[in-house]
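On the provided structure of chain P, position chain H as indicated by the hints.
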Amino acid sequence: MSLLEEVKPRTREFIKRHFRHLDFADDEDIFALGFVNSLFALQLVMFVEKSFQFTVDDEDLRMENFQSINAVAELVKRKTA
Amino acid sequence: MGSKVVGVVGAGVMGEGLAQSLAQAGHRVILIDLSQEILDRALTNIRNSLRLSRMLNPQEGAESPSEVLKRITRSTEYGPLSDAQFVIENVTEKWETKHSVWCKIDACVRDDSVLAANTSAISITRIASTTARPSRVLGMHFMNPVPLKPMVEVIRAYHTTEETIATAKALLATMNKECIVVQDMPGFVSNRVLMLTVNEAIFLLQDGVASAEQVDAIFRSCFGHKMGPLETADLIGLDTILYSIEVLYESYNDSKYRPCPLLKKMVDAGLYGRKNARGFYNYTVES
Numbered sequence: 000m001s002l003l004e005e006v007k008p009r010t011r012e013f014i015k016r017h018f019r020h021l022d023f024a025d026d027e028d029i030f031a032l033g034f035v036n037s038l039f040a041l042q043l044v045m046f047v048e049k050s051f052q053f054t055v056d057d058e059d060l061r062m063e064n065f066q067s068i069n070a071v072a073e074l075v076k077r078k079t080a
Numbered sequence: 000m001g002s003k004v005v006g007v008v009g010a011g012v013m014g015e016g017l018a019q020s021l022a023q024a025g026h027r028v029i030l031i032d033l034s035q036e037i038l039d040r041a042l043t044n045i046r047n048s049l050r051l052s053r054m055l056n057p058q059e060g061a062e063s064p065s066e067v068l069k070r071i072t073r074s075t076e077y078g079p080l081s082d083a084q085f086v087i088e089n090v091t092e093k094w095e096t097k098h099s100v101w102c103k104i105d106a107c108v109r110d111d112s113v114l115a116a117n118t119s120a121i122s123i124t125r126i127a128s129t130t131a132r133p134s135r136v137l138g139m140h141f142m143n144p145v146p147l148k149p150m151v152e153v154i155r156a157y158h159t160t161e162e163t164i165a166t167a168k169a170l171l172a173t174m175n176k177e178c179i180v181v182q183d184m185p186g187f188v189s190n191r192v193l194m195l196t197v198n199e200a201i202f203l204l205q206d207g208v209a210s211a212e213q214v215d216a217i218f219r220s221c222f223g224h225k226m227g228p229l230e231t232a233d234l235i236g237l238d239t240i241l242y243s244i245e246v247l248y249e250s251y252n253d254s255k256y257r258p259c260p261l262l263k264k265m266v267d268a269g270l271y272g273r274k275n276a277r278g279f280y281n282y283t284v285e286s
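Protein chains in written order, with numbering that gives the first Met the number 0: chain P, 0 to 80; chain H, 0 to 286.
Next up, chain P with everything else stripped away, as it sits in the complex (with noise of 0.2 angstroms):
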């Protein structure tokens, strides 16, 4: 499996392990479902750089690249293109 294609299954299990009963599409606002705290967007911040290999700039930091699993897998397509 490409680095790419790892992205979608790597991110939703990450969010899994911390939201278990969590249930939510690709291109859902998990955010917004209510459950997971927006202190989390850090954690996924740095779980992206580390399982990636690269780092998240200043004017990437921005909630929308990280609200859902098609968000995050954009910005890792954009970032290792």
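It is worth saying that the hints were derived from the structure and are not from the lab. All values derive from a computational prediction rather than experimental measurement. Cβ atoms here follow ideal geometry from the backbone N, Cα and C, with glycine treated the same way. Warning: the hint list may mix true and false statements.
Below, computed lysine-lysine pairings styled on DSBU-like, alpha-carbon distance capped at 35 angstroms [unchecked claim]:
hint: 1; chain 1: H; residue 1: Lys148; chain 2: P; residue 2: Lys49
hint: 2; chain 1: H; residue 1: Lys148; chain 2: P; residue 2: Lys15
hint: 3; chain 1: H; residue 1: Lys103; chain 2: H; residue 2: Lys263
hint: 4; chain 1: H; residue 1: Lys69; chain 2: P; residue 2: Lys76
hint: 5; chain 1: P; residue 1: Lys49; chain 2: H; residue 2: Lys274
hint: 6; chain 1: H; residue 1: Lys274; chain 2: P; residue 2: Lys15
hint: 7; chain 1: H; residue 1: Lys274; chain 2: P; residue 2: Lys7
hint: 8; chain 1: H; residue 1: Lys69; chain 2: P; residue 2: Lys78
hint: 9; chain 1: H; residue 1: Lys103; chain 2: H; residue 2: Lys93
hint: 10; chain 1: H; residue 1: Lys3; chain 2: H; residue 2: Lys93
hint: 11; chain 1: P; residue 1: Lys78; chain 2: H; residue 2: Lys274
hint: 12; chain 1: H; residue 1: Lys69; chain 2: P; residue 2: Lys49
hint: 13; chain 1: P; residue 1: Lys15; chain 2: H; residue 2: Lys225
hint: 14; chain 1: H; residue 1: Lys274; chain 2: H; residue 2: Lys3
DEER-style ranges, computed between Cβ atoms [unchecked claim]:
hint: 15; chain 1: P; residue 1: Ser1; chain 2: H; residue 2: Ala216; range: 46 to 52 angstroms
hint: 16; chain 1: H; residue 1: Arg257; chain 2: P; residue 2: Glu5; range: 55 to 61 angstroms
hint: 17; chain 1: H; residue 1: Met226; chain 2: P; residue 2: Arg19; range: 24 to 30 angstroms
hint: 18; chain 1: P; residue 1: Asp56; chain 2: H; residue 2: Pro260; range: 47 to 53 angstroms
hint: 19; chain 1: H; residue 1: Gln35; chain 2: P; residue 2: Lys49; range: 20 to 26 angstroms
hint: 20; chain 1: P; residue 1: Ser1; chain 2: H; residue 2: Ser99; range: 56 to 62 angstroms
Here is chain H on its own, set in the frame of chain P:
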């Protein structure tokens, strides 16, 4: 007031928050602690906090985390404090530690610098007595997390002048903070009451009267407090709670400040609260 050079001595939870707030206000910060390792960890925590703050408050034109971080320099030596117009000390709440740190600070800073102790309970007059400039020493008791708390308890020690208080107020204003000025007695207002409350809450737990969740829920739902005493203790750090209550016990020689044996046991077992993920609650994050 323009931007200043501010020394922050002690890079624990309070020192980190303070360094971040000062740098965000445009001041140049000299952050001092015992080892490079502690300083590196502090900078990582500050960077994470700045990054999260940017994500949660995306304002156009706000400074980037990397720009803010550039204003913080780290040092394991006290020499760079000779540049500082203001120094705020945040080391462990133990007299021996405070005493040795304050002697070093006093030896390095300029005559016109203002020195503040960000301490939990130790008398500011006693701290000031270790320096050659007691009129320029005051207490500034910041709340945790520093970047989010707009109010500071400022303590006027026996020799503190109006000018010293005014300089501290002006610095706080640049950080968008206000203060309430009180007189100096160990624990001041905040911790003379809070530490007793936390200690008694731990006795309740030890005596099996209620669970930690129940104790906190009563304070939150019955009194409308944002946090109960045990979750507050986890946020402050159980080691700091123990050291503070010991200071109160020694200072007043009053048995009402005797530390709860369960608190001592938890600190001996290495349960410090949020800072190491285990206290009255478990904060372990699976990665």
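_Run through the hints listed earlier and report the numbers of any the structure violates, in increasing order._
none
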